[in-house]
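Build the full structure now, drawing on both the sequences and the hints.
Those protein sequences? They're chains G and D, same order as listed.
For the first sequence, the working numbering begins at 360 and goes up steadily by one.
For the second sequence, the working numbering begins at 1079 and goes up steadily by one.
Hints were generated in silico from the structure; no laboratory data involved.
The reader is advised that the hints may include incorrect statements.
[To be verified] Residues from chain G shown here face chain D by an in silico Cβ test under 7 Å; the list is partial:
no., residue
1, Leu398
2, Lys401
3, Phe404
4, Glu415
5, Glu462
6, Phe465
7, Gln467
8, Gly468
C-beta: ideal position from N, C-alpha, C; glycine also.
Each chain is listed here by its residues.
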Amino acid sequence: EPEVTQTPSHQVTQMGQEVILRCVPISNHLYFYWYRQILGQKVEFLVSFYNNEISEKSEIFDDQFSVERPDGSNFTLKIRSTKLEDSAMYFCASSSPGHFNTEAFFGQGTRLTVV
Amino acid sequence: AQKVTQAQTEISVVEKEDVTLDCVYETRDTTYYLFWYKQPPSGELVFLIRRNSFDEQNEISGRYSWNFQKSTSSFNFTITASQVVDSAVYFCALTPNGNSGYALNFGKGTSLLVTP
Chain G
360 EPEVTQTPSH QVTQMGQEVI LRCVPISNHL YFYWYRQILG QKVEFLVSFY NNEISEKSEI
420 FDDQFSVERP DGSNFTLKIR STKLEDSAMY FCASSSPGHF NTEAFFGQGT RLTVV
Chain D
1079 AQKVTQAQTE ISVVEKEDVT LDCVYETRDT TYYLFWYKQP PSGELVFLIR RNSFDEQNEI
1139 SGRYSWNFQK STSSFNFTIT ASQVVDSAVY FCALTPNGNS GYALNFGKGT SLLVTP
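As C-alpha cells, this is what we get:
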C-alpha cells in the first residue's frame, strides 16, 4: 500500500542551526502539506503546496520556514535558524487531486528536538 | 473562522465497553468536510473517515460508527466493544470547501485508554 515516508524519524539539532526535514509523498498525489504537533498538543497546519508553489500557509509558517520540491519525489521543510520552541513532531502529508476534498495521508513524522 | 472542539480530554474504559468520542465544530462555510484521525502510541496519524457537509447519513465500519448531525454541528465517533488496541488519541478535523489542498483544522484530541 502506498505511503508517505519521512526521514529522519528523529533529529536533534542545536539552537540556531538550520534543519531540513524530508518527505516522499505518495507518487500520484499532487497536494503536499506540513503539519506540526508540539508534545501533548493538537496537530497544527503549517503549509500546503501545489503546482510548485505554496497554496496556503498558517501564521506559524513565518520567514524561518520554507518548503521545496527539489525533484519529482521529495518534499522538504527547512527551518533556517531553529529555536527551542520549534521542538515538535513534524508531519508531512499528501492528497490526491480531486474536485471534492480528498483525505490527506500522513507520514509517520519526524521528531525534532532543539537543544 | 473554523473551530473544532473535543471537550473530552481523556476517556478510560474497560475492554468490551462502548465509547463515544464527541466532536463539535464551528464554521461559516456551507460546504465543508469533517474527518477523524487516530494517533496510536507509535505516533503516526491514521485516517479513519471523511464526511462532507451534504451527507448526513451515519456510517458504520466494523466496530466504528459515526453520527453526523448538522443541526447540532456535531460529528461523534462511537467504538463498539472496545479493544485494548483502540487505545490512542483520536482527532476530529474540519476543512472548508470542496476542493483539495485546504488545511485540516484539528481539535485538541481525545485520549482513549482501553484497559483489559
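Exercise for the section: Please write out, lowest number first, the hints stated earlier that are contradicted by the structure. Expected result: 1
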